[in-house]
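A.B. asks: Each chain, letter by letter, is given below.
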Amino acid sequence: MAGIAFPEPSQAILARKREIVAALKALIPADAVIEDARELVPYETDAFTAYRRVPLAVVLPRSTDEVSRVLKYCHEAGVPVVPRGAGTSLAGGAIPLEDAVVVGVARMDRLIDVDFANRTARVEAGMTNLAISDAVGPKGFFYAPDPSSQLACTIGGNIANNSGGAHCLKYGVTTNNILGLTLVLDDGEVVEIGGDAIDAPGYDFLGLLCGSEGQMGIITEAVVRILPKPEGARPVLFGFATSEDAGACVADVIGAGIVPVAMEFMDKPAIEICENFAHAGYPMDAGALLIVEVEGSNAEMASMLARIIEIARAHKVQTIKESQSAMEAAAIWKGRKSAFGATGRVADYICMDGTVPLGKLSHVLKETDRIVESYGLRVANVFHAGDGNMHPLVLYDVNDPDERVKAEAAGMDILKLCVESGGCLTGEHGVGIEKRDLMHHQYRPEELAQQKRIRAAFDRAERFNPSKVFPLEARS
Amino acid sequence: MTGLVAERTTVPASEAEAVDLIREHAARAMPLRILGGGTRKAGRASGPATLLSTAGLSGITLFEPAEMVLSAKAGTPMAEIEAALDAKGQMLPFEPMDHRRLLGTGGEPTIGGVAAGNICGPRRFKAGGARDSLIGLRFINGAGEVIRSGGRVMKNVTGLDLVKLQAGACGTLGLLSEVTFKLLPTPETSASLVIEGLGDEAAVALLCKAAGSPFEMTGAAHLPAGAGSATARTVLRVEGFADQVTYRLERLAALCESPALRLDARDSLALWRDIRDGVVLDAAPGDAVWRVSIAPNRAPKLAARLRGARRFTHIYDWCGGLMLLATPEEGDAGAEVLRAAVAAEGGGHATLLRGSEALRARIDVFQPLTPGLERLTRAVKASIDPKGLFNPGLMYPGL
Numbered sequence: 001m002a003g004i005a006f007p008e009p010s011q012a013i014l015a016r017k018r019e020i021v022a023a024l025k026a027l028i029p030a031d032a033v034i035e036d037a038r039e040l041v042p043y044e045t046d047a048f049t050a051y052r053r054v055p056l057a058v059v060l061p062r063s064t065d066e067v068s069r070v071l072k073y074c075h076e077a078g079v080p081v082v083p084r085g086a087g088t089s090l091a092g093g094a095i096p097l098e099d100a101v102v103v104g105v106a107r108m109d110r111l112i113d114v115d116f117a118n119r120t121a122r123v124e125a126g127m128t129n130l131a132i133s134d135a136v137g138p139k140g141f142f143y144a145p146d147p148s149s150q151l152a153c154t155i156g157g158n159i160a161n162n163s164g165g166a167h168c169l170k171y172g173v174t175t176n177n178i179l180g181l182t183l184v185l186d187d188g189e190v191v192e193i194g195g196d197a198i199d200a201p202g203y204d205f206l207g208l209l210c211g212s213e214g215q216m217g218i219i220t221e222a223v224v225r226i227l228p229k230p231e232g233a234r235p236v237l238f239g240f241a242t243s244e245d246a247g248a249c250v251a252d253v254i255g256a257g258i259v260p261v262a263m264e265f266m267d268k269p270a271i272e273i274c275e276n277f278a279h280a281g282y283p284m285d286a287g288a289l290l291i292v293e294v295e296g297s298n299a300e301m302a303s304m305l306a307r308i309i310e311i312a313r314a315h316k317v318q319t320i321k322e323s324q325s326a327m328e329a330a331a332i333w334k335g336r337k338s339a340f341g342a343t344g345r346v347a348d349y350i351c352m353d354g355t356v357p358l359g360k361l362s363h364v365l366k367e368t369d370r371i372v373e374s375y376g377l378r379v380a381n382v383f384h385a386g387d388g389n390m391h392p393l394v395l396y397d398v399n400d401p402d403e404r405v406k407a408e409a410a411g412m413d414i415l416k417l418c419v420e421s422g423g424c425l426t427g428e429h430g431v432g433i434e435k436r437d438l439m440h441h442q443y444r445p446e447e448l449a450q451q452k453r454i455r456a457a458f459d460r461a462e463r464f465n466p467s468k469v470f471p472l473e474a475r476s
Numbered sequence: 001m002t003g004l005v006a007e008r009t010t011v012p013a014s015e016a017e018a019v020d021l022i023r024e025h026a027a028r029a030m031p032l033r034i035l036g037g038g039t040r041k042a043g044r045a046s047g048p049a050t051l052l053s054t055a056g057l058s059g060i061t062l063f064e065p066a067e068m069v070l071s072a073k074a075g076t077p078m079a080e081i082e083a084a085l086d087a088k089g090q091m092l093p094f095e096p097m098d099h100r101r102l103l104g105t106g107g108e109p110t111i112g113g114v115a116a117g118n119i120c121g122p123r124r125f126k127a128g129g130a131r132d133s134l135i136g137l138r139f140i141n142g143a144g145e146v147i148r149s150g151g152r153v154m155k156n157v158t159g160l161d162l163v164k165l166q167a168g169a170c171g172t173l174g175l176l177s178e179v180t181f182k183l184l185p186t187p188e189t190s191a192s193l194v195i196e197g198l199g200d201e202a203a204v205a206l207l208c209k210a211a212g213s214p215f216e217m218t219g220a221a222h223l224p225a226g227a228g229s230a231t232a233r234t235v236l237r238v239e240g241f242a243d244q245v246t247y248r249l250e251r252l253a254a255l256c257e258s259p260a261l262r263l264d265a266r267d268s269l270a271l272w273r274d275i276r277d278g279v280v281l282d283a284a285p286g287d288a289v290w291r292v293s294i295a296p297n298r299a300p301k302l303a304a305r306l307r308g309a310r311r312f313t314h315i316y317d318w319c320g321g322l323m324l325l326a327t328p329e330e331g332d333a334g335a336e337v338l339r340a341a342v343a344a345e346g347g348g349h350a351t352l353l354r355g356s357e358a359l360r361a362r363i364d365v366f367q368p369l370t371p372g373l374e375r376l377t378r379a380v381k382a383s384i385d386p387k388g389l390f391n392p393g394l395m396y397p398g399l
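These protein sequence lines are chains A and B, in that order. Note that my numbering gives residue 285 to position 285 of the first sequence, counting from 1, and the numbers run on in steps of one. Note that my numbering gives residue 275 to position 275 of the second sequence, counting from 1, and the numbers run on in steps of one.
These aren't lab readings, by the way, just hints derived from the structure by calculation. Every residue, glycine too, gets a C-beta built ideally from N, C-alpha and C. Check before you lean on any hint, since a few could be wrong.
As the list claims (entries may be wrong) - Here are the computed distance ranges between Cβ atoms for each label pair:
1. A/L472 with B/A309: 55 to 61 Å
2. A/A461 with B/A344: 36 to 42 Å
3. A/G341 with B/E336: 54 to 60 Å
4. B/L269 with A/K416: 55 to 61 Å
5. B/E7 with A/A461: 54 to 60 Å
Said to hold, decoys possible - Using 27 Å as the maximum straight-line C-alpha spacing, the simulated BS3-like pairs for lysine-lysine come out as follows:
6. A/K170 with B/K182
7. A/K139 with B/K182
8. B/K209 with A/K229
9. A/K229 with A/K139
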């Protein structure tokens, strides 16, 4: 396939593999260094599995100090570093390079401290997203951002990608839920950014680091906000005849001053795929479906839902399904949350995640259908309707090289459409390698150059996660 | 103010004119001081520079109530923004402070100043600050290039987040020309509970407990005796639809375990405006005012630590996470004692919010940075403004 280019690995570095591995083993316990070709295979890709590169070595440090020693060595030895959380990136952000050392934080998975009075927790970067919520759950708290991969993905990876989730309409994304970071810089220097106060002094490096895709340093610890769980949460399912009706309903709910905790959209192909898999009771006759979730006491939820239902009726809603029990609520969410997995059972797919202004949703949906059809492929749409973050799943057959090329081309066309509609290339998955070469559709050369200079203020030799995010041709 | 009289004030009428002006200054390595509404005497006193007023960059450029998003040129007065939002029942979520009454200044606050200063208010601990609602901007860097970051959509991780970087950089990283904020519906109503007579420690413990409850408190302040009333007041606010407000207030009152007065919407709004603007702080006219950020439940300990060392009055907002502290200007206005106490209480930071020009020339207005952060700060500044054109020395000496 045509595919995404990788830079040629440095033969000089490859030739020094033995020396580099020996040096790493002298710095940190030998069991934290992986060099054997077979043992390296699990690290050759992330969730963007179409591309693979076996790294020079993988190190799995157990402390900030060990990370610091490894980075200092790599800095002095001129070896590129690819940071890795759980390897769940959908954009290839954690795919290694053959001449790079992968520094994984998976073994740094401890909860260091919880401060319930101040509603913060200090965690190591390898702790999984869901493990934080599980740890503070018994006391009635949770960590808010909830990417679909939350069972596996690490908080370090969440920060590097500024991960979102279904509930960010109310709770925001990662950058809104982090108070402090421990960052190890290119030369091994350890810097504390922010802390447990509500705001941090000086430039907002917390905000800059969130979404920096592992190109400015390695995050080893974080102070996260934990929030009290709501008294209750109730999803309601609305079936509409058309996507336009569903889209207009979303706009009117927000226009009425109601901000539900989540508003999820699925089109007809997505409804069919998810219902066949999850048997969630989705209306098979609907052209589009919304899952709207509200939170609060029973009375509050009832009152809020009454308002939303009234608006939905004005948009000719065909089916309204209120969950009457926790089991029914779970079933409603199960269909949505298993959308990617269920789609994977019927076809291979690539998932785009451009964001568009809400007013352009109908237009972008129609155009998406047209684009995908023009390549002779099918598309299923699920997305976060409240914030315009699209997730078209372009279906194809991975064993047909021709289809794969077409699917990738369709995906790129969809993303260009998102940018032209006033949106952006990626709402929550990150640029990685996948969208790297589309960056010039969103940014002018001087804007990319400015971003690169800021990155170089942290990573002076551009040795962290090279060949990601910025187009290869824009490299100095 | 003789220094200022000699300075030239320029008022570019468009972003393109501002670009030309910045390129001219870059060519001659001449510094610029950016002037928004002039309602804050922010930062360190610094040397002569051309004053660049954003008054000519004014006007709302996009307002989509159904998408809860607004863009405006940087010099747009906040009053104009608020009027437009009011008409559609929406608001900026972060409740920006109006500094005029506390600082005794005139002028009109601008949206660009709010963004550059990361100005926020009582809802900060719940709804985030300006930085959390700022989703896009355009700025002009030290080379006179227009740089866009973010956009008008709620979720965007395309490239580095320079939007957050600019929020709170106080115009030292370029001239903001246009900013885009996400909005929230204005709550239908609001109300507050007031508990009288609590000591600092008990009050902050109560506020932290309430913030850990599911009842969505959006204001949490403690006003010690003397701050607007002879009796100490602990104030809890809720906002929402009328039935929600009634319910949540009842539940919070039950949680308080002390008798609580209820303020209806009108009185609640008035009190929170005074808390937001710092005017409930019992500050003598010549006092310096500090803004201290610290983990909420360590704030009363910080006050206790300072008590023997310095004469001061104070209030707590954000459950204790924000303290405003008034103290006489004499000496360093308590900078050293205060910052040492903050460090001893586990960290945080103190910024001088109000002080004479003389005071602002002799002390660190912003919290001094650790060596690691200082290196990064200088490197980031150089990557955007290599010649040091924008607001030199405003945040840190030599930067």
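A.B. asks: Evaluate each hint against the coordinates.
C.D. replies: Going down the list of hints, with the structure as the test:
Taking the beta carbon of each, A/L472 and B/A309 are about 58 Å apart, inside 55 to 61 Å as hinted. Between A/A461 and B/A344 the Cβ separation comes to about 39 Å, which falls inside the hinted range of 36 to 42 Å. For the hinted restraint 54 to 60 Å between A/G341 and B/E336, the CB-CB distance of approximately 58 Å keeps it satisfied. In this structure the supplied range 55 to 61 Å is violated for B/L269 paired with A/K416, their Cβ-Cβ distance being about 47 Å.
For B/E7 paired with A/A461, a C-beta distance near 42 Å fails the hint of 54 to 60 Å. Proximity of A/K170 to B/K182 is assessed by CA-CA distance (about 12 Å); at most 27 Å being required, the pair is judged to hold. Proposed proximity of A/K139 and B/K182 is contradicted: the alpha carbons are some 32 Å apart, above 27 Å. Taken as a hint, the B/K209 and A/K229 pair is honoured in the structure, with Cα atoms around 14 Å apart against an allowance of 27 Å.
Proposed proximity of A/K229 and A/K139 is supported: the alpha carbons are some 9 Å apart, at most 27 Å.
Taken one by one, the earlier hints fail for this structure at numbers 4, 5, 7, listed in ascending order.
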